[in-house]
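Novice: Chains as they are written, first to last, in our numbering: chain A, 2 to 348; chain B, 127 to 395; chain C, 2 to 245; chain D, 2 to 245.
Please note that the accuracy of each hint is not assured.
Between beta-carbon pairs, the in silico distance windows are [to be verified]:
(1) A:Arg140 - D:Tyr16: 28 to 36 Å
(2) A:Pro138 - C:Arg118: 25 to 33 Å
(3) D:Leu131 - C:Arg15: 26 to 34 Å
(4) B:Arg358 - C:Gly19: 28 to 36 Å
(5) D:Gln205 - C:Thr63: 48 to 56 Å
No wet-lab data here; the hints were simulated from the structure.
Where is the CB? At the ideal position from N, CA and C, for every residue including glycine.
Letter by letter, the chains look like this.
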Amino acid sequence: MHMADALLSPAVGTTLWAGTVAVGGYASKKLKAQIDDRMIPLMGVLGAFIFAAQMINFTIPGTGSSGHLGGGMILAILLGPHAAFLVMASVLTVQALFFADGGLLALGCNIWNLGFYPCFLVYPLIYKPLTGGSKNPGRILVASIASAVVALQFGAFSVVMETLLSGKSELPLGAFVLLMQPIHLAIGIIEGFVTAGIINYVRGARPEILDSIAASRPLGAGISLKKVMMTFAVLAAITGGALSWFASTHPDGLEWSVEKIYGRGELPEQKHGIAPVLKDLQEKTAFLPDYNFKPAGNEPKKKEAVPVWPGIEAGTSLAGITGAAIVLGIIVLIGMGIRSFRGRGKG
Amino acid sequence: MTFDEKYFDIGRLDRLSYRDTCVHNLDPRAKVIATMLFLITVISFPKYEVVALAPFFLFPVLLMTIGEIPVRFILKKVIVVSPFAIFIGIFNPLLDTGTVAVISGVPVSGGWLSFLSIILKFTLTISAALLLIATTSFPGVCHALRRLGFPPLFVSQLFFLYRYLFVLMEEAMRMIRARDMRSFGTPGAGIKVFVRLIGILFLRTVDRAERIYYAMLSRGFQGDIPSLKRSRMAAADLAFMAATISFLGVFRFFRITEGIGRVVQGLFA
Amino acid sequence: MSHHIVDFKNVSFRYPDGTEALRGINFRITHGESVGVVGANGAGKSTLLQHMNGCLMPTSGTVTIGDLTLTGKTRREIRKKVGIVFQNPDDQLFMPTVFDDVAFGPLNLGMDEESVRERVRKALSMVHSLDLRDKPPHHLSSGQKSAVAIASVMAMEPDILAMDEPAANLDPKSRRSLITLLKSFRHSKIIASHDLDLILDVCQRCIVIRDGTVVADGPSAEILTNRTLLEENNLELPLSFQRR
Amino acid sequence: MSHHIVDFKNVSFRYPDGTEALRGINFRITHGESVGVVGANGAGKSTLLQHMNGCLMPTSGTVTIGDLTLTGKTRREIRKKVGIVFQNPDDQLFMPTVFDDVAFGPLNLGMDEESVRERVRKALSMVHSLDLRDKPPHHLSSGQKSAVAIASVMAMEPDILAMDEPAANLDPKSRRSLITLLKSFRHSKIIASHDLDLILDVCQRCIVIRDGTVVADGPSAEILTNRTLLEENNLELPLSFQRR
Ligand SMILES: Nc1ncnc2c1ncn2[C@@H]1O[C@H](COP(=O)(O)OP(=O)(O)OP(=O)(O)O)[C@@H](O)[C@H]1O
Ligand SMILES: Nc1ncnc2c1ncn2[C@@H]1O[C@H](COP(=O)(O)OP(=O)(O)OP(=O)(O)O)[C@@H](O)[C@H]1O
Ligand SMILES: [Mg+2]
Ligand SMILES: [Mg+2]
Numbered sequence: 002m003h004m005a006d007a008l009l010s011p012a013v014g015t016t017l018w019a020g021t022v023a024v025g026g027y028a029s030k031k032l033k034a035q036i037d038d039r040m041i042p043l044m045g046v047l048g049a050f051i052f053a054a055q056m057i058n059f060t061i062p063g064t065g066s067s068g069h070l071g072g073g074m075i076l077a078i079l080l081g082p083h084a085a086f087l088v089m090a091s092v093l094t095v096q097a098l099f100f101a102d103g104g105l106l107a108l109g110c111n112i113w114n115l116g117f118y119p120c121f122l123v124y125p126l127i128y129k130p131l132t133g134g135s136k137n138p139g140r141i142l143v144a145s146i147a148s149a150v151v152a153l154q155f156g157a158f159s160v161v162m163e164t165l166l167s168g169k170s171e172l173p174l175g176a177f178v179l180l181m182q183p184i185h186l187a188i189g190i191i192e193g194f195v196t197a198g199i200i201n202y203v204r205g206a207r208p209e210i211l212d213s214i215a216a217s218r219p220l221g222a223g224i225s226l227k228k229v230m231m232t233f234a235v236l237a238a239i240t241g242g243a244l245s246w247f248a249s250t251h252p253d254g255l256e257w258s259v260e261k262i263y264g265r266g267e268l269p270e271q272k273h274g275i276a277p278v279l280k281d282l283q284e285k286t287a288f289l290p291d292y293n294f295k296p297a298g299n300e301p302k303k304k305e306a307v308p309v310w311p312g313i314e315a316g317t318s319l320a321g322i323t324g325a326a327i328v329l330g331i332i333v334l335i336g337m338g339i340r341s342f343r344g345r346g347k348g
Numbered sequence: 127m128t129f130d131e132k133y134f135d136i137g138r139l140d141r142l143s144y145r146d147t148c149v150h151n152l153d154p155r156a157k158v159i160a161t162m163l164f165l166i167t168v169i170s171f172p173k174y175e176v177v178a179l180a181p182f183f184l185f186p187v188l189l190m191t192i193g194e195i196p197v198r199f200i201l202k203k204v205i206v207v208s209p210f211a212i213f214i215g216i217f218n219p220l221l222d223t224g225t226v227a228v229i230s231g232v233p234v235s236g237g238w239l240s241f242l243s244i245i246l247k248f249t250l251t252i253s254a255a256l257l258l259i260a261t262t263s264f265p266g267v268c269h270a271l272r273r274l275g276f277p278p279l280f281v282s283q284l285f286f287l288y289r290y291l292f293v294l295m296e297e298a299m300r301m302i303r304a305r306d307m308r309s310f311g312t313p314g315a316g317i318k319v320f321v322r323l324i325g326i327l328f329l330r331t332v333d334r335a336e337r338i339y340y341a342m343l344s345r346g347f348q349g350d351i352p353s354l355k356r357s358r359m360a361a362a363d364l365a366f367m368a369a370t371i372s373f374l375g376v377f378r379f380f381r382i383t384e385g386i387g388r389v390v391q392g393l394f395a
Numbered sequence: 002m003s004h005h006i007v008d009f010k011n012v013s014f015r016y017p018d019g020t021e022a023l024r025g026i027n028f029r030i031t032h033g034e035s036v037g038v039v040g041a042n043g044a045g046k047s048t049l050l051q052h053m054n055g056c057l058m059p060t061s062g063t064v065t066i067g068d069l070t071l072t073g074k075t076r077r078e079i080r081k082k083v084g085i086v087f088q089n090p091d092d093q094l095f096m097p098t099v100f101d102d103v104a105f106g107p108l109n110l111g112m113d114e115e116s117v118r119e120r121v122r123k124a125l126s127m128v129h130s131l132d133l134r135d136k137p138p139h140h141l142s143s144g145q146k147s148a149v150a151i152a153s154v155m156a157m158e159p160d161i162l163a164m165d166e167p168a169a170n171l172d173p174k175s176r177r178s179l180i181t182l183l184k185s186f187r188h189s190k191i192i193a194s195h196d197l198d199l200i201l202d203v204c205q206r207c208i209v210i211r212d213g214t215v216v217a218d219g220p221s222a223e224i225l226t227n228r229t230l231l232e233e234n235n236l237e238l239p240l241s242f243q244r245r
Numbered sequence: 002m003s004h005h006i007v008d009f010k011n012v013s014f015r016y017p018d019g020t021e022a023l024r025g026i027n028f029r030i031t032h033g034e035s036v037g038v039v040g041a042n043g044a045g046k047s048t049l050l051q052h053m054n055g056c057l058m059p060t061s062g063t064v065t066i067g068d069l070t071l072t073g074k075t076r077r078e079i080r081k082k083v084g085i086v087f088q089n090p091d092d093q094l095f096m097p098t099v100f101d102d103v104a105f106g107p108l109n110l111g112m113d114e115e116s117v118r119e120r121v122r123k124a125l126s127m128v129h130s131l132d133l134r135d136k137p138p139h140h141l142s143s144g145q146k147s148a149v150a151i152a153s154v155m156a157m158e159p160d161i162l163a164m165d166e167p168a169a170n171l172d173p174k175s176r177r178s179l180i181t182l183l184k185s186f187r188h189s190k191i192i193a194s195h196d197l198d199l200i201l202d203v204c205q206r207c208i209v210i211r212d213g214t215v216v217a218d219g220p221s222a223e224i225l226t227n228r229t230l231l232e233e234n235n236l237e238l239p240l241s242f243q244r245r
């Protein structure tokens, strides 16, 4: 569920970066004031733990497909929200840098989607009230499942919104939501089971460990609801402000999604080249009730040259294509030139 | 990717960063800033833009060739992570069929253009991020972040994460091997055993954190991870930044690619 | 009995990051033999052992166990024949109690409950740890953990036993009882270790590895007394030969 | 020089889970002595070493280093005097590169940049690992890791060096060069290990621990040849005395 750079607009990307940096700064300030310095290596190594744990797959009962641990929720439970947020942020940073999962610009979104919700929203508002500090495995299970599901739904929905607001994808809101949310419901339930399983296992095996982590985490870990809501409100205001600015300067971004939701139920025909692909996709997307693509295979008759984005066709002309080909050719030559020059220099 | 591949992959990328080329020797901060600017510039092109993206391939290509990074390795990694972007992008040609351009009589739908644009941006951004690590090393990037004002606490998390990633992944890998060795099919890979394995890994991680903490204390740790200033921005770094910025600016705001095309077409017309 | 045979033919292995850990390894272990594998840090011992049951698959060359050639398909069969005990018993013990852990393998083999119980009992008695049956592994001492790890592999009744550095971190007495235990097994055994005294005690034959190739292969009593050979390979005479 | 003295008086320690790991330990180490600590798995060796610089604080009794009694307040001072090398170099090398790791201690001592660089250079050369400076620890071999771990402690120029199981997992040659290295240090040293041959080589004096108490303390040459004493403590004669 990692957001990708290529799907983002700079406005959305930087807005979420700003939000993430703000929350991150707040969390590290909070931690620095209260932290027991024993927590510093613990947090770091737990980040590596989440990473390693994510790589262990298991078979999801009844399906044969495999799943893995997400991590945000379990960190929040173990470390408290501030530390958990920072650890999650560092896990995602390493993922972005080493596996290019998402990319650097989308990192802001990803930290927000996978870190903010579980740590600052779901943990204080759902997990804590539901367990009420109880160590009863049943309650922990219920609370974990509820939390993981809600956190992932928020995360998935944010991916949808971030993509749509960036305006790079044509996916209509309804369909996108239908694609994302149910999958993440399933993932959430499993993550909940796994989270509760681990907490309960650890509690059974070495109860003192959970207690000692709890003892050394900052006092403010049981953060006041008010503060969370305040932070959230401020960030919502920033986000909202930025988004509305974005929406007003780039109306197309929102426009088309609105249009797609209420507008044309039917879409024009496609070019011939993708007919088979289309057919296949059509079958796969048949569960989207509102959208039926016209049967493919119609002969292409694309003469309705309506410029959707004025001025765009200027760039995408034959001259443009020629230019691009030449430029790419030059770049490849430069690359090869450097390679062979270097090769000679060495040999 | 299987666990092992993923693990080795990081190791490989990591090792690439030990090379000694002039790209590797640039100040990490310069590279971090340049990469971020590059990303923002690429992303800032409107959704139907394809042609103007072409020149931007120069940036990764230069880093790759001068930095002696194998092209194939980077390409392979780009492909491995592409599914999500493709999955989202592939709907564009299906949903956005209005013609936005006519190229020598052939009308092109907006969906295909925007899809192509997503793919190009994807390739550019992902390879730039990978090349940042491959030419700077992860610790280098962390030092840069720290000196660029990221909270020290966050940066120390990154240090530890990076350092123990390999240790813990190896530990996890050995555990999986032990599990797979004694489970001759699916039952051993079930969720119950999975939870146990993760639980054990967690306990061992906490114990390890404790030992690390003692080791840190033994060497005078007082709550802050100190760091040496490794380098001052040198002339080369400033030149690199200036070059990158002017390159980005020129190709973002002037339609040079198309101009070249026109000129060449004019020659042959 | 051909199924106790291990045959490495020209086995090479390269880690995906480019490290050439094995380069054309050749050897053959016949029924009931016990073989030590020695060499410097990083020589390739652990990598070699992981080829015995397909944890790693050779980049080129063939590994044959009994009458099966190691491939993706035969791997599962081969794992029933070859039991590997890794260096760190903590990696190996992941079930909540010693009993569950030892039963894990047999249960996955699809055996019925009665036979599983029997197997577990047998395996645990073999390592004198029947009393530990109901303890959780994390409450055991390192010596006890090693013993249980061995039992959990023995419970699958492998034809061939492979062990990686079995005595590290054991106190001298636990080490000694491990040696006695190993000597009493009648399986084909292959043991990788820096503890040359242990190899000398347990294995009749010894293979020296350097940089992923076999540089010597012969009776332990000969190889482990050949000072030049040993010193060329970052080794030295077993301590019990280094008289004071 | 009183500052090289280590004095344990009636030290007891109980882990939070109730394990009594030390029960009234008494010994005194004077300037320049080198002392081995031996005992069965779980006897309390590692716990004891962690008291040397206040990683753990005695539940009762006093630890004195030089002229300072170990308390929450003096702990920081004491850490400058006592350098501990733990059992697993992976736990000890926690920074992303070898250089950063070795520099960690001196930087915490508040030294200026130039002197830190000088210290790092000196410490790494001492263990012949200057070339590894820019590598991340996870790409080092086990022998290299041990060497760097020692350098990172030596860079603090401690008066007293404590090591826990320094030779585990090293190949015989690396172990031998470690022994040479240890012999060449003129610090007070205290080494906990199961490798009795190493203790015999490096330490003149040896302390035997059982269940958290000192059961013997005397010249290594005497203690490590006393078969009954050793066997009572899950130990055995050093291998080099076990002639074949
Ligand atoms: N996961 C890995 N990725 C890359 N290279 C590896 C990996 N594991 C081992 N190697 C390399 O392969 C070579 C052989 O390693 P191996 O672990 O087999 O050695 P070993 O003989 O078991 O050493 P030791 O005595 O230290 O256990 C070494 O050069 C090592 O660095
Ligand atoms: N963190 C801990 N919490 C509780 N008990 C512990 C802890 N660490 C060690 N112990 C217990 O304290 C006792 C002494 O352990 P210690 O690690 O000091 O032994 P050791 O002599 O170093 O053993 P080894 O030779 O196996 O390293 C053991 O009974 C052990 O189980
Ligand atoms: Mg090994
Ligand atoms: Mg110990």
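Novice: Taking the hints in turn, state whether each one holds.
Specialist: Results of checking the hints against the structure:
For arginine 140 (chain A) paired with tyrosine 16 (chain D), a C-beta distance near 30 Å keeps the hint of 28 to 36 Å intact. For proline 138 (chain A) and arginine 118 (chain C), the Cβ-Cβ distance of about 28 Å falls inside the hinted range of 25 to 33 Å, so the restraint holds. Checked against the given bound of 26 to 34 Å, the beta carbons of leucine 131 (chain D) and arginine 15 (chain C), roughly 30 Å apart, stay inside it. The given range of 28 to 36 Å is respected by arginine 358 (chain B) and glycine 19 (chain C), whose C-beta atoms sit roughly 35 Å from each other.
As the Cβ distance of glutamine 205 (chain D) to threonine 63 (chain C) is approximately 55 Å, the hint placing it in 48 to 56 Å holds.
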